[in-house]
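Chemist: In case you want the letters, here they are:
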Amino acid sequence: MTENSGENRLILYFARHGATAWIAHLDNMRLFERAFNRAGWPIAWTEDAFNPRPILVFGLPVGVGIETRRDPVEVTLKNRIDVEPMILCLNRSFPQGIEIVHWEEAPNTKRSLMSLVKAADYRIEAPMIGPAYSLTFGGGRRVVVPWTRKGKTREIDISSRIFETYNIDNDSIEFKGGAGSDLHLRIDLLLDALVCDGKLSPEDALGARIVRKRVHCDFMS
Amino acid sequence: MSEMERFDSPLYRSILRRVNKPARYVGGELNAIDKSRDFFSLSCTERVHFALCFPDLYEIGMSNLAIQVLYSALNCEDYIFCERCFAPDVDLRMLLRENNLPIVSIETMTPLNEFDLIGFSLHYELAYTAVLEMLDLAGIPLYAADRGKNDPLVVAGGPVACNLEPMAPFFDLIMLGDGEYQLPNLVHEYRKCKMAKLSNSYFFLQVCSMDGVYVPSFYEPNYMEDGRINEIKVIEPHAPKKVRKALVRDFDHTPIPKSPIVPNIEVTHDRMVLEIFRGCARGCRFCQAGFTYRPLRERSLGKLVDAAKHLIDVTGYDEIGLLSLSTSDYSHLDDLTRALLPMTEPRHINLSLPSLRLDSFEGDLAERLARIRRAGLTFAPEAGTQRLRDVINKNLTENDIFDAARTAFENGWDRLKLYFMLGLPTETEEDVQAIVDLTMRLLSVWRDIPKERRSKRLMMTVSTSFFIPKPFTPFQWERQISIEAMRAKQKLLADGLSDRRISYRWHDFESSVVEAVLARGDRRLSSVIEHAWRAGAYLDAWHEHFDPDIWTAALSLIPGGADFYTRERDEDEVFPWEHLDFGVTRHFFERERKLARDGRVTLSCFDGCAVCGCDLWQTGICLPSSKVRSDTGVRK
Chain A
1 MTENSGENRL ILYFARHGAT AWIAHLDNMR LFERAFNRAG WPIAWTEDAF
51 NPRPILVFGL PVGVGIETRR DPVEVTLKNR IDVEPMILCL NRSFPQGIEI
101 VHWEEAPNTK RSLMSLVKAA DYRIEAPMIG PAYSLTFGGG RRVVVPWTRK
151 GKTREIDISS RIFETYNIDN DSIEFKGGAG SDLHLRIDLL LDALVCDGKL
201 SPEDALGARI VRKRVHCDFM S
Chain B
1001 MSEMERFDSP LYRSILRRVN KPARYVGGEL NAIDKSRDFF SLSCTERVHF
1051 ALCFPDLYEI GMSNLAIQVL YSALNCEDYI FCERCFAPDV DLRMLLRENN
1101 LPIVSIETMT PLNEFDLIGF SLHYELAYTA VLEMLDLAGI PLYAADRGKN
1151 DPLVVAGGPV ACNLEPMAPF FDLIMLGDGE YQLPNLVHEY RKCKMAKLSN
1201 SYFFLQVCSM DGVYVPSFYE PNYMEDGRIN EIKVIEPHAP KKVRKALVRD
1251 FDHTPIPKSP IVPNIEVTHD RMVLEIFRGC ARGCRFCQAG FTYRPLRERS
1301 LGKLVDAAKH LIDVTGYDEI GLLSLSTSDY SHLDDLTRAL LPMTEPRHIN
1351 LSLPSLRLDS FEGDLAERLA RIRRAGLTFA PEAGTQRLRD VINKNLTEND
1401 IFDAARTAFE NGWDRLKLYF MLGLPTETEE DVQAIVDLTM RLLSVWRDIP
1451 KERRSKRLMM TVSTSFFIPK PFTPFQWERQ ISIEAMRAKQ KLLADGLSDR
1501 RISYRWHDFE SSVVEAVLAR GDRRLSSVIE HAWRAGAYLD AWHEHFDPDI
1551 WTAALSLIPG GADFYTRERD EDEVFPWEHL DFGVTRHFFE RERKLARDGR
1601 VTLSCFDGCA VCGCDLWQTG ICLPSSKVRS DTGVRK
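From first to last, the protein sequence lines are chains A and B.
Counting from 1, one number per residue, gives the positions in the first sequence under this note's numbering.
Counting from 1001, one number per residue, gives the positions in the second sequence under this note's numbering.
Just to be clear, a hint being listed does not mean it is correct.
Unchecked claim - Each pair of labels, with its calculated beta carbon distance range:
no.: 1; chain 1: B; residue 1: Leu1096; chain 2: A; residue 2: Ser160; range: 47 to 53 Å
no.: 2; chain 1: B; residue 1: Val1611; chain 2: A; residue 2: Gln96; range: 30 to 36 Å
no.: 3; chain 1: A; residue 1: Arg53; chain 2: B; residue 2: Asp1038; range: 52 to 58 Å
no.: 4; chain 1: B; residue 1: His1310; chain 2: A; residue 2: Arg53; range: 22 to 28 Å
no.: 5; chain 1: B; residue 1: Thr1585; chain 2: A; residue 2: Arg53; range: 52 to 58 Å
To be verified - Subject to a maximum C-alpha distance of 20 Å in a straight line, what follows is the list of computed DMTMM-like cross-link-like pairs (lysine to aspartate or glutamate):
no.: 6; chain 1: B; residue 1: Lys1309; chain 2: A; residue 2: Asp27
no.: 7; chain 1: A; residue 1: Lys213; chain 2: A; residue 2: Glu155
no.: 8; chain 1: A; residue 1: Lys78; chain 2: B; residue 2: Glu1398
no.: 9; chain 1: B; residue 1: Lys1021; chain 2: A; residue 2: Asp171
Rather than coming from a laboratory, the hints here were simulated on the basis of the structure.
Only a predicted model underlies this, so the values are computations on that prediction, with no experimental measurement involved.
C-beta atoms are modelled at their ideal positions from N, C-alpha and C, and glycine is treated no differently.
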């Protein structure tokens, strides 16, 4: 049984890699809109008379240069669809590198998908990043980095935004970090912290491969 | 390099993380073609690797229909692999130089110097320095004469090819006219020579008599003491005395790219494009494209409707643009918009009709456009007085302008952009003041409409650019006004257009001068361009990158400087483009210039043949049986 029931809202989970990992968030949204158009999905539109938009909500903006494996996007449909064949069609409509890997019905809540996002799992690969990470964050050290936005600089406690470390190798780390509106962990700041301590070279930080493996939302078990 | 290898490279990632909009450089767009698997299994002599280059940023290049058309036409052949390459922005340019890395193609990251052929699509003069930058970043000698047998051949084409003399020493070949058949034919000839292991010189001899193939090294201008050209000598006996442009006679059957590349980032014109016709019947005397693309050739309604349906399905864009030099001149425009709306409206797709003539903006068409989109509307009266509009042969009356504006206001438009040109031949202070008066009277038109029948607010933008005399126009002999005169005219307008509902924008003075110099320049300017580029000139069409001091210094290298090139030309002067033939005769231009001086207009090709010379192709509107022509008019 693949036909969805209840509200016409679905959560699709997408992976992106290769060239598409370098697309900025707004361009990524536009790319999805066009792919839905090509695939003939009956996306509902906002009722704004002047600037109607298709109703697509990304759980978490995806930064430039970050690959994803299972990022959620919520779509509102005008009518019910037979989901799996439509996903096959949608996957053929994406440029190479983007794929819907999973779907489910949207939770029955009035809260937006973005407000339900709580954390994300990351894998970062760079030479000797494991030892650098252990030395910087090991032993429950509090790590604070400056963050400048719109001309104002404030201090961010990075360590409190790393919820769990799954795995540390010489050249890779895997961890769960805060995501969404509370305690959001910016990966560039984490890499800055490793560089600031002189444990990771700036060149290796810039060349790091960053993969967001999973986004954790409130409605997930 | 495969995509996997490329994105597994920390160096590649570290460079992308240091530049603005890295998605410009990584490719991977929908419908981008990567033939590497099959193509590279062909033997080296059998295949032709072609780099289609655009000397400006990705967002500009990917907005250009020529890139999509040529990319599609070349890649139709199994033995051709056409890849794209755009000018890097200043950040990437610096990183490439710092790290001693070559500029590479988008599809397979192949360094440009490894291609067989490099083709530049050139659309404006201020892109010239980017050509040199791209060649240099590729490690390819700038001058054709300095390149060896292991270097790629460098080819250029596009609208400015009608006078690429300032850049001629950098190119092996220059392609004139329509490229969609001509360029694949050229590559075919190249492959034959490559398979037979024949030299480039032999290849040039083989192709120099093909329509539209200009081999600059076969022609040599010599100059008089005062710097004017004495004659352009044909130094290769087999080369034609005049190189005639290539022209697609059966435009209706030229393929429309079935699978255009859909960029992954927002580009300047982010929409699907339907070229509804090529050429123009109007004859505005300042407009180069209006003459060099003649004769007007239409696509049939059925082909366009089918193409639109297909493009909507395969691209997913939310806007479709009808492209031509004067959209309202399409003979089936009404039927076309009627056929398109049922496809576009339910899918929230905007229909964009740029280049609408003022005298066609009325009734049903305006109402239909208002239904689709009520964004800004641009009208181009070009000049403020009827006298000057007649001089430039705009064939627009003041009533046309007021009627169009009233229709726009009554249909709810609240933003109107008016485009004028300053410094036109015979222009007086009265003509400039008339732009202010016209704008103010248009404001009154809006005020006089009852409030319930018009928009609540109105914002008018007056935009001016400076007249640049261009080759292959009746004004090719005219001078460009001085910077002091430009400043005075611009000030007159800025002072006069002081209403809060009007904003005034103008084009830079200095870049207009450089554009004018290069537009009618000769081969001696190649060293000026090289000098400017070596001094740092790059991406000059961008206001933030254009440095007038660099160009002033470079132009001082030539006796007479910029003034020599912006001056009025003698009636019998030999032009640098004298050996090129775009169909319209010099005699026609001379006649048109005289009519301009007398303030007399020439009717459009729709109203009668003005004997411009393009009937030699016997196609499009030049055919006696043409459905888009009515032989009722005569010249006034």
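Chemist: Would you mind marking each hint as holding or not holding in the structure?
Modeler: Okay, the hints, checked on the actual structure:
At about 40 Å, the beta-carbon gap between Leu1096 of chain B and Ser160 of chain A misses the expected band of 47 to 53 Å. For the pair Val1611 of chain B and Gln96 of chain A, the beta carbons lie near 54 Å from each other, so the given range of 30 to 36 Å is not met. Hint check: Arg53 of chain A to Asp1038 of chain B, Cβ distance near 41 Å, so the stated range 52 to 58 Å is violated. His1310 of chain B and Arg53 of chain A have their C-beta atoms about 25 Å apart, which keeps the hinted 22 to 28 Å range intact.
Between Thr1585 of chain B and Arg53 of chain A the beta carbons are some 53 Å apart, a value that agrees with the proposed interval 52 to 58 Å. For the suggested pair Lys1309 of chain B and Asp27 of chain A, the alpha carbons sit about 24 Å apart, so the restraint of at most 20 Å is broken. Pair hint Lys213 of chain A plus Glu155 of chain A does not hold up; C-alpha atoms about 27 Å apart against a cutoff of 20 Å. Straight-line distance between C-alpha atoms of Lys78 of chain A and Glu1398 of chain B comes to about 49 Å, which puts the hinted pair past the 20 Å bound.
With a C-alpha separation of about 28 Å, the suggested pairing of Lys1021 of chain B with Asp171 of chain A is violated against the 20 Å cut-off.
Of the numbered hints given earlier, the model fails hints 1, 2, 3, 6, 7, 8, 9; all others are met.
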